[in-house]
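Novice: Using this note's numbering, the letters of the sequence shown correspond one by one to residues 1 to 225.
These aren't lab readings, by the way, just hints derived from the structure by calculation. Glycine included, every Cβ here is placed at the ideal spot set by N, Cα and C. A few of these clues could be false.
Unchecked claim - If you anchor each label on the Cβ, the simulated ranges turn out as follows:
{"no.": "1", "residue 1": "Arg-222", "residue 2": "Glu-55", "range": "39 to 45 Å"}
{"no.": "2", "residue 1": "Pro-124", "residue 2": "Arg-179", "range": "31 to 37 Å"}
{"no.": "3", "residue 1": "Pro-145", "residue 2": "Glu-19", "range": "33 to 39 Å"}
{"no.": "4", "residue 1": "Leu-178", "residue 2": "Ala-220", "range": "34 to 40 Å"}
{"no.": "5", "residue 1": "Gly-150", "residue 2": "Ala-122", "range": "17 to 23 Å"}
Stated by the list, open to error - The calculated lysine-lysine pairs, modelled on BS3-like cross-linking and capped at a C-alpha distance of 30 Å, are:
{"no.": "6", "residue 1": "Lys-115", "residue 2": "Lys-46"}
{"no.": "7", "residue 1": "Lys-115", "residue 2": "Lys-7"}
{"no.": "8", "residue 1": "Lys-7", "residue 2": "Lys-46"}
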Amino acid sequence: MNTRHPKVDVRLYALVDPERAGRYDLAELSSLCAAGGATLVQLRDKHGDTRQMVEEACAIKLHLAPMQVPLIINDRVDVALAAGADGVHVGQDDMPVEHARRLMGAHAIIGLSIKTVAQAEAAPVELLDYVGIGGVYVTSSKNNPDPPIGLDGLARIAAVFRRRRPDLPLCAIAGIDLRNAGATVAAGVDGVAVISALSLSENPPDVAREMRATIDRVIAGRGAP
Numbered sequence: 001m002n003t004r005h006p007k008v009d010v011r012l013y014a015l016v017d018p019e020r021a022g023r024y025d026l027a028e029l030s031s032l033c034a035a036g037g038a039t040l041v042q043l044r045d046k047h048g049d050t051r052q053m054v055e056e057a058c059a060i061k062l063h064l065a066p067m068q069v070p071l072i073i074n075d076r077v078d079v080a081l082a083a084g085a086d087g088v089h090v091g092q093d094d095m096p097v098e099h100a101r102r103l104m105g106a107h108a109i110i111g112l113s114i115k116t117v118a119q120a121e122a123a124p125v126e127l128l129d130y131v132g133i134g135g136v137y138v139t140s141s142k143n144n145p146d147p148p149i150g151l152d153g154l155a156r157i158a159a160v161f162r163r164r165r166p167d168l169p170l171c172a173i174a175g176i177d178l179r180n181a182g183a184t185v186a187a188g189v190d191g192v193a194v195i196s197a198l199s200l201s202e203n204p205p206d207v208a209r210e211m212r213a214t215i216d217r218v219i220a221g222r223g224a225p
């Protein structure tokens, strides 16, 4: 069992991306999302250079510190280490979890993207702090050649992790907004990862607040902690 640090709260996982930030500076957007109830923030920048990403990450971390919301870096272990981020999220084609854990250390938060039941069965659950399952719905924020897994696919993958490691936090990703957040969590996960529904809204804190309330109601209704 993973006992390195308290269980990671993935109820509302805000992803900030310079290509999907609307009119907001990334540090400001991160702060607005956290103010509305985001429990975790990820910097995802697929095209920025290393220096720029480190600067972005440091600015975001500074804004999040008063609210004690952890910062995760997508893919880039080097950026996470340089910026003193709280952890890293890796995909199936990124650095293996085992290597990321060795570099980041025992107390870092490490998450992994999961798209299939086979990947769920093979995931090194003892080294992970959470997993992101999806894409659940169609999304415009990422070029994804795979068809959406839908709620049925999400439930099947979540069931694998509940069997393999019941305490591992699970979040769903892709195409999630106010309309479907509740049903998504009800499919068997602990939270949702959101990009455009927050960053492209007129009022990110209000949207985050409403989404958090919906998620919290669903979790409370099934008796989950």
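Novice: It remains to establish, for every hint, whether it holds in the given structure.
Specialist: Cross-check of the supplied hints:
1. Arg-222 to Glu-55: 39 to 45 Å: The hint (39 to 45 Å, Cβ to Cβ) holds, given that Arg-222 and Glu-55 are roughly 42 Å apart.
2. Pro-124 to Arg-179: 31 to 37 Å: Since the Cβ atoms of Pro-124 and Arg-179 sit about 34 Å apart, the hinted range of 31 to 37 Å holds.
3. Pro-145 to Glu-19: 33 to 39 Å: violated, 18 Å
4. Leu-178 to Ala-220: 34 to 40 Å: violated, 18 Å
5. Gly-150 to Ala-122: 17 to 23 Å: Since the Cβ atoms of Gly-150 and Ala-122 sit about 22 Å apart, the hinted range of 17 to 23 Å holds.
6. Lys-115 to Lys-46: holds, 19 Å
7. Lys-115 to Lys-7: holds, 22 Å
8. Lys-7 to Lys-46: Roughly 28 Å separates the two Cα atoms, so the pair holds.
Checked against the numbered hints above, the structure violates hints 3 and 4; every other hint is satisfied.
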